[in-house]
Amino acid sequence: MMHGPLLLVVVPLATAVICSVTSMSAKRATPVALLAGLLTHAGLLVAVAIRATRAAGLTYLVGGWAAPVGIVLVVDRFAAVFLILLAVGEVALTVYAIGERTVERSGFAVLLSLLATALSGVIVAGDLFNLFVFVELASVASIGLIALKRRDTGAASGFVYLVYASVSGAFFLIAVVVLYASTGVLTIAEIGAAVDSMPRATVVICSVCFIVSFGVKVGMVPLHFWQASAYDAAGSTAAAFLSGVAMKVYLYAMVRVLWSGLDATGRVPAVAVVLSVAGLLNIVVGHLLALGERDLKRLLAYSSVAHVGYILLGLGSSAGMVGALMHIVMHSLMKTGLFLSCRPIIGHAGSSRIGRLGGAARAQPVAFGAFTIAALAIVGIPPTGGFASKWFVSVAAYADYGAVPVLVVAAGTVISLLYYVRVSIAALAEAVPQPGRVSTTRRAGATALVVVASIAAATLILGPVMTRVEPTLRHAAESVVDRTRYIDLVREPPR
Amino acid sequence: MRHKTDILDVAARKLAPYMFVFGLYLVTYGDLSPGGGFQGGVVIASGIILLAIAKSVDAVEELIPLRRFAVAETTTFGLLLAVGIGGIVAGAGFLADFIGRGAIGPLPAARFVYALNILIGAKVAAGASLICMHLFGEER
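Here the protein sequences come in this chain order: G and H.
Residues 1 to 495 (this note's numbering) make up the first sequence, in order.
Residues 496 to 635 (this note's numbering) make up the second sequence, in order.
Don't read these hints as lab results, they were simulated from the structure.
A few of these clues could be false.
What the hints assert, rightly or not - Examples of chain G residues lying across from chain H (beta carbon under 7 Å, computed): (1) Ala-14; (2) Val-17; (3) Leu-428.
Said to hold, decoys possible - Here are a few chain G residues that sit away from chain H, every Cβ distance over 10 Å (derived from the structure): (4) Leu-13; (5) Ala-36; (6) Arg-51; (7) Gly-63; (8) Gly-64; (9) Ser-182; (10) Val-185; (11) Asp-196; (12) Arg-200; (13) Ala-201; (14) Ser-229; (15) Pro-269; (16) Pro-365; (17) Pro-382.
Note that CB positions come from ideal geometry on N, CA and C, so glycine has one too.
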């Protein structure tokens with residue numbers, strides 16, 4: 001357990017290697033290898049998260065070399081929340097993919113383990129160089145997952161994402177170059193300690209570069225154009241992981257560099273305003289695009305764009321970190337639930353066009369029920385967890401910016417209710433016989449339905465118990481808002 | 496390949512073995528002199544790629560099947576990870592030296608780095624050639 005933070009990266013990497021060997025020689029062993037590897041990884045994630053929360057943070061020096069020279073891996077309470085999210089997402093997805101046989105798609109197991117490696121690396125990385133490498137590894141694995149399912153549209157969407165990801169990487173590198181030139185270190189905590197003597201212009205330039213770089217990855221309007229086609233091409237299983245977990249980890253990285261590294265909102269108050277305005281723009285544009293969308297998977301993708309908006313709005317408010325964190329947790333669950341439960345529905349209808357979903361509710365009652373619960377939660381109907389997180393974000397935004405953001409949030413809620421009700425009505429309608437319709441009569445496997453139902457149950461339960469979870473999340477938020485804690489954790493590691 | 500000449504054919508066939516030898520030299524002497532696993536691996540791969548360009552991908556595939564490249568790459572990567580985890584098992588930390596240093600006459604022998612260089616060289620040579628073979632293969 002002493003090597004916990006490092007093993008978080010090594011275990012899924014070894015899983016990727018084993019899966020790639022089994023996919024060449026013994027195809028039947030791949031699901032077993034994937035399940036064993038990622039369950040071990042999830043166990044480690046939870047164990048490290050619990051230890052980090054109890055001890056108020058863990059640091060690991062790779063090779064025993066201390067911070068400015070060596071590679072340092074850091075898990076504070078804020079990072080621990082994301083480790084838990086990754087563990088939950090990866091277990092749900094692995095079990096679901098094995099139940100639905102998605103895992104037999106050539107390369108899926110390897111790419112999923114590589115993505116898990118990269119995301120764990122992003123969470124534990126304590127310096128900008130390793131952060132960059134793991135973010136790029138995550139991009140490569142995501143492109144593979146996007147392009148895997150269908151040859152033509154998949155390759156096109158994967159290429160579009162590749163271009164966007166390169167632009168994102170370029171902006172990241174510019175910021176790294178500027179920071180390294182002005183401080184001479186790459187460790188985030190060391191940069192954080194040196195930031196007070198840095199010219200304000202440098203902080204502004206680096207903040208803008210990081211916001212654009214991660215804005216591409218999370219789908220900040222107007223950098224969101226890759227998202228709908230990518231999630232559509234990726235298939236519901238991969239899209240659930242990309243939207244439910246990967247996007248949250250990018251948000252984590254953005255908060256880590258902007259708060260712990262640059263003290264962006266403290267040194268440059270305009271950054272908070274930019275984040276809030278971007279958030280409001282995302283809410284409005286995302287919901288309107290979803291309202292006009294006729295394809296279920298693209299609708300869910302645009303809904304993701306809108307919900308990044310709530311998180312950004314929380315981040316841009318001075319007391320909004322808790323709300324943002326809450327919405328990150330809730331959206332991760334809700335969006336995973338929506339994508340995974342829409343797969344059997346789409347599979348029955350033979351098309352992801354909303355107009356053709358007729359009869360799906362009757363044929364797939366469990367999946368449809370889970371979809372409805374997750375949809376109610378994401379719309380924000382009390383007592384679901386989605387309501388609680390939106391409430392916390394709204395309260396924090398009201399304190400800083402007055403009634404306008406609250407009205408936007410309310411309007412977004414109404415619009416999202418409209419489009420999810422439209423989907424439900426379409427699915428509840430009688431099946432209209434259509435010539436040339438290919439319906440897969442195969443019912444969704446029991447394993448998949450259990451996964452979907454438990455995620456739906458979690459979104460329901462998290463609402464009433466949110467008051468219990470809130471103190472943990474508040475501690476997590478404090479450990480990033482109070483910058484000195486992270487810096488002290490790395491500079492004077494607890495023995 | 497359509498425009499092939501005897502000069503290209505002869506030059507490539509005579510040059511490639513020297514590139515392999517030089518690559519192997521870089522890999523095996525990387526712990527003592529400039530070079531190393533990655534650099535040597537790339538040189539070996541460029542020899543293979545030269546053959547693929549000057550002759551054809553099929554000719555190289557006849558020599559070494561592409562599947563064997565893939566097996567070599569994953570196996571060496573797995574071994575590399577195993578060596579890394581071996582360091583943890585030995586109680587020293589990931590990728591830490593658990594073999595210890597020796598000496599060849601007056602020269603120090605960094606046996607651990609030597610072993611890592613060979614693994615990395617094999618992985619990089621197989622991986623880089625595999626990528627290029629697949630890219631060349633697309634044209635067919």
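To see whether the hints hold, each was checked on the structure:
| no. | hint | verdict |
| --- | --- | --- |
| 1 | Ala-14 | holds, 5 Å |
| 2 | Val-17 | holds, 5 Å |
| 3 | Leu-428 | violated, 47 Å |
| 4 | Leu-13 | violated, 6 Å |
| 5 | Ala-36 | holds, 15 Å |
| 6 | Arg-51 | holds, 17 Å |
| 7 | Gly-63 | violated, 6 Å |
| 8 | Gly-64 | violated, 6 Å |
| 9 | Ser-182 | holds, 30 Å |
| 10 | Val-185 | holds, 23 Å |
| 11 | Asp-196 | holds, 34 Å |
| 12 | Arg-200 | holds, 40 Å |
| 13 | Ala-201 | holds, 38 Å |
| 14 | Ser-229 | holds, 23 Å |
| 15 | Pro-269 | holds, 42 Å |
| 16 | Pro-365 | holds, 43 Å |
| 17 | Pro-382 | holds, 48 Å |
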